[in-house]
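> The lines below spell out each chain.
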Amino acid sequence: MEYLTNFFLPSAESTYATQVDALFHFINIVSLILLVGITFAIVYFSIKYRRKSQEDTTPVITHNTTLEVTWTVIPLILILIVFGWGFKDFVEMRTPPGDAYEVHVTAYSFGWDFEYPNGVVSANTLYVPEQTPIRLLMRARENDVLHSFFVPQFRLKQDLIPNRVTTAWFEAKRTGEFVYFCTEYCGAGHSIMNGLVKVLSQEDFDAWLEEEAGRDLDALPLAELGRITFTSAGCAGCHSLDGSSRVGPTFQGLYMAERQFTDGTSRIADEEYLLESIIYPQRQINVGYPNNMPTFYGDTLSERELAGLVEFIKELQ
Amino acid sequence: MEQASLNAKKLKVRYFDIDENPSEHYLNAEKGLKSWLLTVDHKRIGLMYLASVILFFFVGGVLAVVLRTELFTPTENLMNADTYNRIFTLHGAIMVFLFIIPSIPAALGNFLLPMMLGAKDVAFPRLNLASFYIYSVGAIFALISLAVNPIDTGWTFYTPYSIQTGSAVILITLGVFIMGFSSILTGMNFIVTIHKLRAPGLTWGKLPLFIWAMYATSIIQVLATPVLAITLGLLIMERFLGIGIFDPALGGDPVLYQHFFWFYSHPAVYIMIVPAFGVISEVISTFSRKTIFGYWAIAMSSLAIAFIGSLVWGHHMFVSGQSELSTVVFSFLTFFVGIPTGIKIFNWLATMYKGSIDMKTPMLYAMIFLFLFTIGGVTGIMLGAISVNVHLHDTYYVVAHFHYVMMGGTVMAFLAGIHFWWPKMTGKMYSEFWGRIAAVIIFIGFNVTFLPQFIMGSQGMPRRYFNYIEQFQSMHQLSTIGSYLLGIGFLIIGAYLLHSLFRGEKASSNPFGSRTLDWMTSSPPAHHNFNYTPVVYNGPYDFHKPIADFTIGIAGSDEHHGHGETVKADKAEA
Numbered sequence: 001m002e003y004l005t006n007f008f009l010p011s012a013e014s015t016y017a018t019q020v021d022a023l024f025h026f027i028n029i030v031s032l033i034l035l036v037g038i039t040f041a042i043v044y045f046s047i048k049y050r051r052k053s054q055e056d057t058t059p060v061i062t063h064n065t066t067l068e069v070t071w072t073v074i075p076l077i078l079i080l081i082v083f084g085w086g087f088k089d090f091v092e093m094r095t096p097p098g099d100a101y102e103v104h105v106t107a108y109s110f111g112w113d114f115e116y117p118n119g120v121v122s123a124n125t126l127y128v129p130e131q132t133p134i135r136l137l138m139r140a141r142e143n144d145v146l147h148s149f150f151v152p153q154f155r156l157k158q159d160l161i162p163n164r165v166t167t168a169w170f171e172a173k174r175t176g177e178f179v180y181f182c183t184e185y186c187g188a189g190h191s192i193m194n195g196l197v198k199v200l201s202q203e204d205f206d207a208w209l210e211e212e213a214g215r216d217l218d219a220l221p222l223a224e225l226g227r228i229t230f231t232s233a234g235c236a237g238c239h240s241l242d243g244s245s246r247v248g249p250t251f252q253g254l255y256m257a258e259r260q261f262t263d264g265t266s267r268i269a270d271e272e273y274l275l276e277s278i279i280y281p282q283r284q285i286n287v288g289y290p291n292n293m294p295t296f297y298g299d300t301l302s303e304r305e306l307a308g309l310v311e312f313i314k315e316l317q
Numbered sequence: 318m319e320q321a322s323l324n325a326k327k328l329k330v331r332y333f334d335i336d337e338n339p340s341e342h343y344l345n346a347e348k349g350l351k352s353w354l355l356t357v358d359h360k361r362i363g364l365m366y367l368a369s370v371i372l373f374f375f376v377g378g379v380l381a382v383v384l385r386t387e388l389f390t391p392t393e394n395l396m397n398a399d400t401y402n403r404i405f406t407l408h409g410a411i412m413v414f415l416f417i418i419p420s421i422p423a424a425l426g427n428f429l430l431p432m433m434l435g436a437k438d439v440a441f442p443r444l445n446l447a448s449f450y451i452y453s454v455g456a457i458f459a460l461i462s463l464a465v466n467p468i469d470t471g472w473t474f475y476t477p478y479s480i481q482t483g484s485a486v487i488l489i490t491l492g493v494f495i496m497g498f499s500s501i502l503t504g505m506n507f508i509v510t511i512h513k514l515r516a517p518g519l520t521w522g523k524l525p526l527f528i529w530a531m532y533a534t535s536i537i538q539v540l541a542t543p544v545l546a547i548t549l550g551l552l553i554m555e556r557f558l559g560i561g562i563f564d565p566a567l568g569g570d571p572v573l574y575q576h577f578f579w580f581y582s583h584p585a586v587y588i589m590i591v592p593a594f595g596v597i598s599e600v601i602s603t604f605s606r607k608t609i610f611g612y613w614a615i616a617m618s619s620l621a622i623a624f625i626g627s628l629v630w631g632h633h634m635f636v637s638g639q640s641e642l643s644t645v646v647f648s649f650l651t652f653f654v655g656i657p658t659g660i661k662i663f664n665w666l667a668t669m670y671k672g673s674i675d676m677k678t679p680m681l682y683a684m685i686f687l688f689l690f691t692i693g694g695v696t697g698i699m700l701g702a703i704s705v706n707v708h709l710h711d712t713y714y715v716v717a718h719f720h721y722v723m724m725g726g727t728v729m730a731f732l733a734g735i736h737f738w739w740p741k742m743t744g745k746m747y748s749e750f751w752g753r754i755a756a757v758i759i760f761i762g763f764n765v766t767f768l769p770q771f772i773m774g775s776q777g778m779p780r781r782y783f784n785y786i787e788q789f790q791s792m793h794q795l796s797t798i799g800s801y802l803l804g805i806g807f808l809i810i811g812a813y814l815l816h817s818l819f820r821g822e823k824a825s826s827n828p829f830g831s832r833t834l835d836w837m838t839s840s841p842p843a844h845h846n847f848n849y850t851p852v853v854y855n856g857p858y859d860f861h862k863p864i865a866d867f868t869i870g871i872a873g874s875d876e877h878h879g880h881g882e883t884v885k886a887d888k889a890e891a
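Chains as they are written, first to last, in my numbering: chain A, 1 to 317; chain B, 318 to 891.
Extracted from the complex, chain B is given alone in its bound form (with noise of 0.2 Å):
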């Protein structure tokens, strides 16, 4: 700190003022359909792939919403089991590849890291609007596979089924396989552009939480997504020409498809939880208006994460057939990704106590993301205990654990930190009444679908089941009702965003009262975020100081954007 203070003091620097009526921004500074196409804005290419994740989102849950409605008699009611078993594996293959994995890191992170980081833009621009081409690559891919011959394997593709069934393997895994370097590039871009390009001052320890754990995504994106490449390019291989790795029937391991499947697919977890940490951290902090409690146990935790995150994959095959021994380790180091998640949960906490807070629509969800998170982890804690495991594997209790991590986890963090800088994004307010409605319900209709199906699952309710006994189907009933309930809350949350977008109140530069760098720039923020080079002196969740204490740049930066009239007066020199 002591140095960055003595490096930027070389600088010279003035206090700004932010244009709280920006008649140019970066949603108006180039138009037509051409200027997003070609864009290299990062603030565009994240909105286009808000744009798709929310498309592939509303897809999946509507297939989610057909599936347990089939559920709500034990036979056939609406689709026979063919038709099911490739609705679920679209819904899940949708909702990890296509949404959850880009939700947070391509089209939030996208949108925030430069900012965050006072810079105009991502250290490759051309590169981060590749990676969105190679992105739509994939999900075109993926979409013709379910014009072709909907897939009907599962997400996970699991030999020797996905070898043999009939329906359009090679297509959809291509598909994920290409998606993949969408995920690598992303990667790469941000951790180079957190290395390189952070404002004059803006130390490692001063960076907003939402970057460490964007950096520790990366660091997982870039280490393991080309496992699946391998894994996927194996499985095409496999199925095209007959090598023999996987099938049995030429002599092949299943178990070592399951191996390879889950090296990339667990640390994928963490690619999914881990930005939602960072989401999380600044909400608290935001609408606590208070420092946050243990920044570097915190910033460290996401790290640890990626790191033990990494060594746990064997946990999904304690009864696959791996040996004993494997299990007993795996077991052993699974526990320890409990650790750092619990020092989160405890840290936010601690930010909250003694804080002033106020309840808002992203803080909210915040609250409702500690609650299901809390629970999504500590099922965690019961499936990482072996005998236990062997009796919960492949219920409806693993099913309603993961959906407890990723959506009472992920989501509701995505929920938050759209609500959070859906101001910063478009320059307009929500109806913080409506969004306060569709939270409740939200968090009721989720607990009602899924808290049931954890103990339908201890009870023995298999996953992946067209029918089922008739002992399981209150319990059946009960979830699908409250399917129901969700899908009415996101609707509700749709409607209203939509009404911000075209008739929205116009949000102020600030409105909840950040202190990071992303909101010391115009609603919508300027075509290259700032109108000045920002300098950073203070910490990312510095309540007790000024907001002006963060507009302080270097001066003159402003003379060549040709926006000096945005700045009134010429304040001090710091």
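In isolation and in its complexed conformation, chain A is listed as follows (with noise of 0.2 Å):
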């Protein structure tokens, strides 16, 4: 039985979703039967009636009103069932207790941020602590688009919508990693717009949030602070270290390589080049890629952040 659970769904690890995967189990069980049932009566039906000969002569039964109101009853009965069971459990899905910790969401063309209440933010990777509530309060970037955050083994889906709020709330069972995903088509990069929610003991968890508050990045140097800058930008979204290709070019081996740009001309990635791509990505489009890189890095990076982007890049020969 639960090799079977486990292998139609993703272990259960928030505290609704035991609940949600009765329903699924409940209904599938029903839908077997019937299925089961319906397939029976085919192919026993088309065994038993075949035709035995171009002269066979059937009996003429227009309708039996005690059997269409059976089968109009019975399923009418079992879909209230279905609606008030589902019904219960999206209640207490979408009904946080006041007490939750609240994280903001902000998502983005590709990649998250995750805020906490004493001013921390993550890039791509959410820290909670176990069986603590957590209240999501959830904001696509201006002018953005739509995206939606999927926790599979939360059973925790909502979109995620430019200048509004939508909100979402889970309290995870026990420590661990697991991975969440972008549900709602964004581009590109949709695809690779994943993460992990790492739930900590609640130690762990307030020792790392006192660790990152106190990281003063302005001491680190430049490549140091470059390394931190392309995960928390988001520039991990679509670039790789590794020289695989992802919605934009790699970064490892870019500086000083040369560029071949849609227009025709090329150019050699010095650190001129690397910084006006990250302010003005549209100028020259690299051959291979499409223009959508965002066009805020100038304005939402630091002078000395975008300084050691690109002292970080040029470390990746």
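Derived by calculation from the structure, the hints in this document are not laboratory data. Just so it is clear, CB atoms sit at the ideal spot from N, CA and C, and this is done for glycine as well. Keep in mind that the hints are not guaranteed to be accurate.
[As the list claims (entries may be wrong)] Covered, in the sense of this in silico footprint (three residues per stretch, anywhere, with C-beta under 8 Å from a C-beta of chain B), are these stretches of chain A:
id	stretch
1	99-106
2	188-202
[Unchecked claim] As a list, the in silico SDA-like pairs of lysine to any residue whose alpha-carbon atoms are at most 20 Å apart:
id	chain 1	residue 1	chain 2	residue 2
3	B	K677	A	R51
4	A	K88	B	Q639
5	A	K88	B	L642
6	B	K437	B	G873
7	A	K314	A	R227
8	B	K671	A	S232
9	A	K88	B	V646
10	A	K314	A	S232
11	B	K348	B	L446
12	B	K513	B	F441
13	B	K671	A	I61
14	B	K671	A	R227
15	A	K52	B	E749
16	B	K671	A	S46
17	B	K671	A	T57
18	B	K677	A	T39
19	B	K745	B	T473
Can you join these two chains into the complex? Each is in its own frame, and there are hints to help.
Below you can see the structure in the form of structure tokens.
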């Protein structure tokens, strides 16, 4: 039984996940009984009543009110059960406890920012304490498109919309790492817009939060700052570090390489080029890649972060 | 019925014989390209639609196989993400707007509806031709958009992505907008035809169930399609003029777009499936040689589905950010579509009970339909349950569900219909042997393709993903192999149907022993369908009465056609 459950569903890791699964299994079992019955009838009838001769005659049976009522009322009862059951659990899934810990989520093409009450921001990884209700206040970045936050093991999904706040909540039952996906189609990087929810014990979570809050980014060497910015600004959504081609070109070996552009020109990727293509990505488009990099990095990143990114890329030879 | 017989009795009627060897029929009555392009004959228009939808089904199918091939590995193996996104969008848009919506209604419906009513043509033959040309113009717009900059938004054109993307959104939405008018005009034409052009004696209670299904479909087409036109019109204005109705950057609401879109596109699901119900009713009764069980239950459930189906669009938006109250109301209403759908399935099964079942290809497809559509239906109940929907929404579970309904339902019924009426349309028989082989291959291929998608969907595999995590690879590979099998099945069908077209055995006028009027004429039918004005005394499924009782017409009505020689004997006055 457990094998079957695991075959159909990922492990249930949030408090309400088990209830959702129970309804899933109930519908599956009733459906299976129905399907087996119908299939049996089709096969049985087509064998038992197969045409024996071209002169076969059949009885005239036009209708049967008792039967019609039966196969109207029984499904009616079943659907009312399913509706009520789904409704009951939905109410719970949409009603966070009053003392929930709040995390602000911002999605953009193609990455996620998670901001905690003390101002710490983690990029693409959501850290939460176990056995604590977490309320997510979610929005897509201004001028961005729709995204959706989906954690299969929590049975949690909610769309994110620019200029609107949507909410969701969950309580993780145990520590561990759980994958999340973007499930509202958002363009070329849609399928790589995923990451991990890291559920920590309360002590580990507090320690992590404290460490992040105390980190002095200004004291870091430029290349080290660039490495952090690469993740936190979401560059990792489209650019790889291992030479593989994603939405945009890889950063490995990029420095001082010759770049071919769609207008037929080419250029050596020196420091000036790197900085310029972060701030004005639409000026020169690399052959083979779409012109879809956001144009706001010049505004959202500090001078030091921009310089850091360039230094970071230079190190990736 | 009493009344009808009474009225009919005032007519002078006699039995007619059907010409088994027609020297002149609708295919050779007029010759040359012009006679096709300017025809107002509903049968020829039906065939032109048929050729178009088969062409687009082929294109959409090739795209599907390309997608499945890309998904054989978790990362890039054929194309980049951008190309993949364009291809899955085109697969969806072509299959929905260019293939499945016009498939049964416009192709089979045009061919059969007037014949089943005993009419010479639809009520507005010129309008009918016009609607084919409107469809063609829309299709050309869609094709131009492919050549210019193929769209990458998904077939749903969700805002704000569809406002921001660089692809040719305006061209394709304009194409869909134009095609909508074709759909509306066809619906209008059918409604009027059903009301006004029924043969003498053909009361509402004697209409073939295919007609009832087409009637329900036409009502949805006329009522829902204008909303799609408005939605796409607004989308075009939003992109072009920035009016700020859907774009959040301008104070608009993308969720409003989703309401507008699904207000049409959910009823459109019933434009796709209800005609299929009609085909299945005809096929099952004919090949069971038995009166349909629960005629009124089946007929009225089509109308019930059309009505309830117009009130459930919000079930596409449970996690979209619409209010919880809306979500609950839409979930509640959604389940009620399940009731009339279940009624149909049980009535079809009851029709087979104590029948004389002939497992010919159309019947095989009807049985495949029953099995696959039941799975499509019960997984629809699963998706209607709100709490479970939150988990399954936008995963492969949804993809599998609608393919079971649209392909397992509509396409299987379309195949049943094509085989069933092939002799009537072409005057030729297809190979029964190869027909059955292909049906079995398609059945297996379909399940191998889409069953794994249910499992990976409930495991959490999101849809519209170019890359995926390795956990899902084995299911994806199984699905890809299934799609190749499906492709082979369809190629076999194409091959033996082409063979039949040129070298097929000659078909008799009524090879399967049906009782509806479409079979009471030669194969292929005469230029004006019948060489006499049919008069209907019996029900469409009165298999206990001899076929001769169904070829009654107004005495003397054949003379002005100049086909008097086809009538061999004046059997009796009814």
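> None of the hints should be skipped; say for each whether it holds.
Checked hints:
1. With 0 residues having a Cβ less than 8 Å from any Cβ of chain B, the stretch 99-106 of chain A misses the three-residue criterion, and the hint is violated.
2. Given a C-beta distance limit of less than 8 Å, the hint that chain B covers the stretch 188-202 of chain A holds, as 6 residues qualify and 3 suffice.
3. Distance check on the hinted pair: K677 (chain B) and R51 (chain A) sit about 11 Å apart at the alpha-carbon level, within 20 Å; holds.
4. Of the pairs offered as hints, the one joining K88 (chain A) and Q639 (chain B) holds, with about 18 Å between alpha carbons and a cut-off of 20 Å not exceeded.
5. Taken as a hint, the K88 (chain A) and L642 (chain B) pair is honoured in the structure, with Cα atoms around 13 Å apart against an allowance of 20 Å.
6. For the suggested pair K437 (chain B) and G873 (chain B), the alpha carbons sit about 16 Å apart, so the restraint of at most 20 Å is met.
7. Taking the CA atoms of K314 (chain A) and R227 (chain A), the gap is near 11 Å; set against the 20 Å cutoff, the hint holds.
8. Distance check on the hinted pair: K671 (chain B) and S232 (chain A) sit about 70 Å apart at the alpha-carbon level, beyond 20 Å; violated.
9. This hinted pair checks out: K88 (chain A) and V646 (chain B) have alpha carbons roughly 13 Å apart, not beyond 20 Å.
10. A hinted pair counts as satisfied when its Cα atoms are at most 20 Å apart, and K314 (chain A) with S232 (chain A) qualifies at roughly 19 Å.
11. Pair hint K348 (chain B) plus L446 (chain B) holds up; C-alpha atoms about 17 Å apart against a cutoff of 20 Å.
12. A distance of roughly 11 Å separates the Cα atoms of K513 (chain B) and F441 (chain B); the hinted pair therefore holds under the 20 Å criterion.
13. Between K671 (chain B) and I61 (chain A), the direct Cα distance comes to roughly 9 Å. Compliance with the 20 Å bound is thereby established for this hinted pair.
14. For the proposed pair K671 (chain B) and R227 (chain A), the alpha carbon gap of about 75 Å is over 20 Å, so the pair is violated.
15. Pair hint K52 (chain A) plus E749 (chain B) holds up; C-alpha atoms about 18 Å apart against a cutoff of 20 Å.
16. Taking the CA atoms of K671 (chain B) and S46 (chain A), the gap is near 10 Å; set against the 20 Å cutoff, the hint holds.
17. For the given pair, K671 (chain B) sits about 10 Å from T57 (chain A) by alpha-carbon distance, which is consistent with the 20 Å threshold.
18. For a cut-off of 20 Å, the pair hint linking K677 (chain B) to T39 (chain A) stands: about 18 Å separates their Cα positions.
19. A distance of roughly 40 Å separates the Cα atoms of K745 (chain B) and T473 (chain B); the hinted pair therefore is violated under the 20 Å criterion.
Going down the numbered hints, you'll see the structure goes against 1, 8, 14 and 19, while the others check out.
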